[in-house]
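Listed below are the residues making up each chain.
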Amino acid sequence: MPLNTASVVIGLSYASLLFLVAVGLSVVFGLMRFVNLATGSLYLIGGYLAWTIAGELGSFWLALLGGALGALAVGVVIERGFLERLHRNELLQVCLTLGVAYVVQDVTRWIWGGDPLRLRPPESLRGSILLLGSIVPTYRVALIVAGVVLAGLVWYLLERTKWGAYVRAGVDDLEMLECLGINGRRVFAIVFALGALLCGLGGALGTPVTGVAPGADIQILLMALIVVVLGGLGSVSGAVVASVVVGLVDSMVRTYWPEASFFAVWVLAALVLAVRPQGLLGRVTA
Amino acid sequence: MLELHEVYGGYGDGLVLNGLSLSVGEGQVVALLGRNGAGKTTTMRAVFGLLPRLAGRITLRGESLRGLAPYAVAARGVALVPQGRRIFPSLTVTENLLIGVRPPRGEQRVRWTLEEIYRLFPILRERGNLRGTLLSGGEQQMLTIARSLLTQPLVLLCDEPSEGLAPVMVQRVAEILHRLKEAGLSILLAEQNLDLALSVADVAYILEEGRVIWQGTAEELLADTHVQATYLGLRVEASEGA
Ligand SMILES: Nc1ncnc2c1ncn2[C@@H]1O[C@H](COP(=O)(O)OP(=O)(O)O)[C@@H](O)[C@H]1O
Ligand SMILES: [Mg+2]
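Quick note, the sequences are listed as chains A and B, same order. Each residue of the first sequence is one higher than the one before, starting from 1 at the first, in the UniProt record's numbering. Each residue of the second sequence is one higher than the one before, starting from 1 at the first, in the UniProt record's numbering.
Treat the hints as calculated values from the structure; they're not laboratory data. Check before you lean on any hint, since a few could be wrong.
As the list claims (entries may be wrong) - Some but not every residue of chain B turned toward chain A, in silico, with C-beta under 10 Å:
no.	residue
1	Ala-74
2	Leu-150
3	Thr-151
4	Pro-167
5	Ile-213
6	Asp-224
7	Val-227
8	Tyr-231
9	Gly-233
Bear in mind the structure is a predicted one, so any value in this text is a computation, not a measurement. Think of the CB as a built atom: it goes at the ideal place given N, C-alpha and C, for glycine as much as any other residue.
All chains should be modelled from the sequences, with the hints used to inform the complete structure.
Structure, rendered in structure tokens:
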């Protein structure tokens, strides 16, 4: 029976990171039919900045903040600098964000080198705790808690605020939203920026468990893309469910056959999509 | 109020609007008639700048709307009640309404507050927490009209509001349009239902292939069964009964 507490904790903590990266990707896509292939780069930037800040200032919490804000800044530059000009030109946007991903990978390699860098969790979250009879790393449990809290926060913003209603309406019918006097591109810019912030935060939070190295960007991007497709494009609850599914499957398979985990996740996605092309919680678009 | 002058426009290769001119006066209700595919919806899309190809002059109180983004057109005081209603399915009835809410303009005779809207459409308060698309067709039409009114429009572009509704609901739509006319709103009303259109309109335009082929007052059109039969191809027996 592969279902032991340790691998569930590992799977769920990975799900937290996936959710942070995937949710922005999903809502951005839902709003503007646009895939940001630089999403993984924002995660990478968050991780590296967190590592440096923790080293310089010695504070894990400032490192988290710095990683998130750094990714936010880069996200705003991408959005204001390029995407604004390429509005409704999907092909160019995809090429351009892929280009950004390459540039970011080279620049970060130049600054931080090619070896994996690991951030130590804060004092209070080091070590292990006993959970349901198993010994599990405290930091992993904290990651799960952080994921739940942040998912709740995103849910609240989207479901219970006026701006959230604008975003959902934009995902439903952007043209109608604009005809009612709402500047859809401003909504998009804000969503994009918040998505970047969450990616950076994910990168910073993930560094103590996965480390940060060249290639981490591509890996998290591919996993997040699966989460988005699996959960349903533009669906936040779908992103939550799919993150958990992908995180758990990844960690279960990894326990027994590490090389196959990526493959297993893709097979799972293919199977789900064969039955439900709109994803687990996505709506059929007209 | 709203003027279109020699407007050409379309979606891809061919033109859909071919030199269309029309004008909606202050407080006037203007019927936009014509068979399916004549270009009524496209005319309204042109006003909101939603056509990939567009030429000609479109002005609101003398100021050009050309080149403005749809949200800017809305901010100037144009509102759209779209064909097919286009309620946001992920939003509740109340949220659908809140999307539209803007502060009133000084010059309006009726300020469309939520209170005022609920007085006009009590059902929208009762059903507030329901998803918008779970309402009946008639209720959805009320919702889409209410949502547009909350943007505090000077001109309402109303695209086939009676489409697919039961006769009692069509009657209700007619009452609402009369009420809006009393409130001083200028309205461009695209309709297939000639009775409804002529009961509220002051003047009428008939479109064919994206240009105006007949224009006149509502009385003139009501009296002219020949024009009705030739250009609209409908309702001959109903007009005999009237
Ligand atoms: N999105 C679109 N893309 C291409 N052609 C369209 C589109 N919408 C409408 N048309 C064409 O434009 C013409 C006018 O359509 P429309 O303005 O919807 O007419 P009406 O509202 O009077 O029924 C039709 O021939 C229709 O096929
Ligand atoms: Mg139409």
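Hints, one by one, checked against the model:
no., hint, verdict
1, Ala-74, "holds, 4 Å"
2, Leu-150, "holds, 9 Å"
3, Thr-151, "holds, 5 Å"
4, Pro-167, "violated, 28 Å"
5, Ile-213, "violated, 28 Å"
6, Asp-224, "violated, 34 Å"
7, Val-227, "violated, 32 Å"
8, Tyr-231, "violated, 29 Å"
9, Gly-233, "violated, 30 Å"
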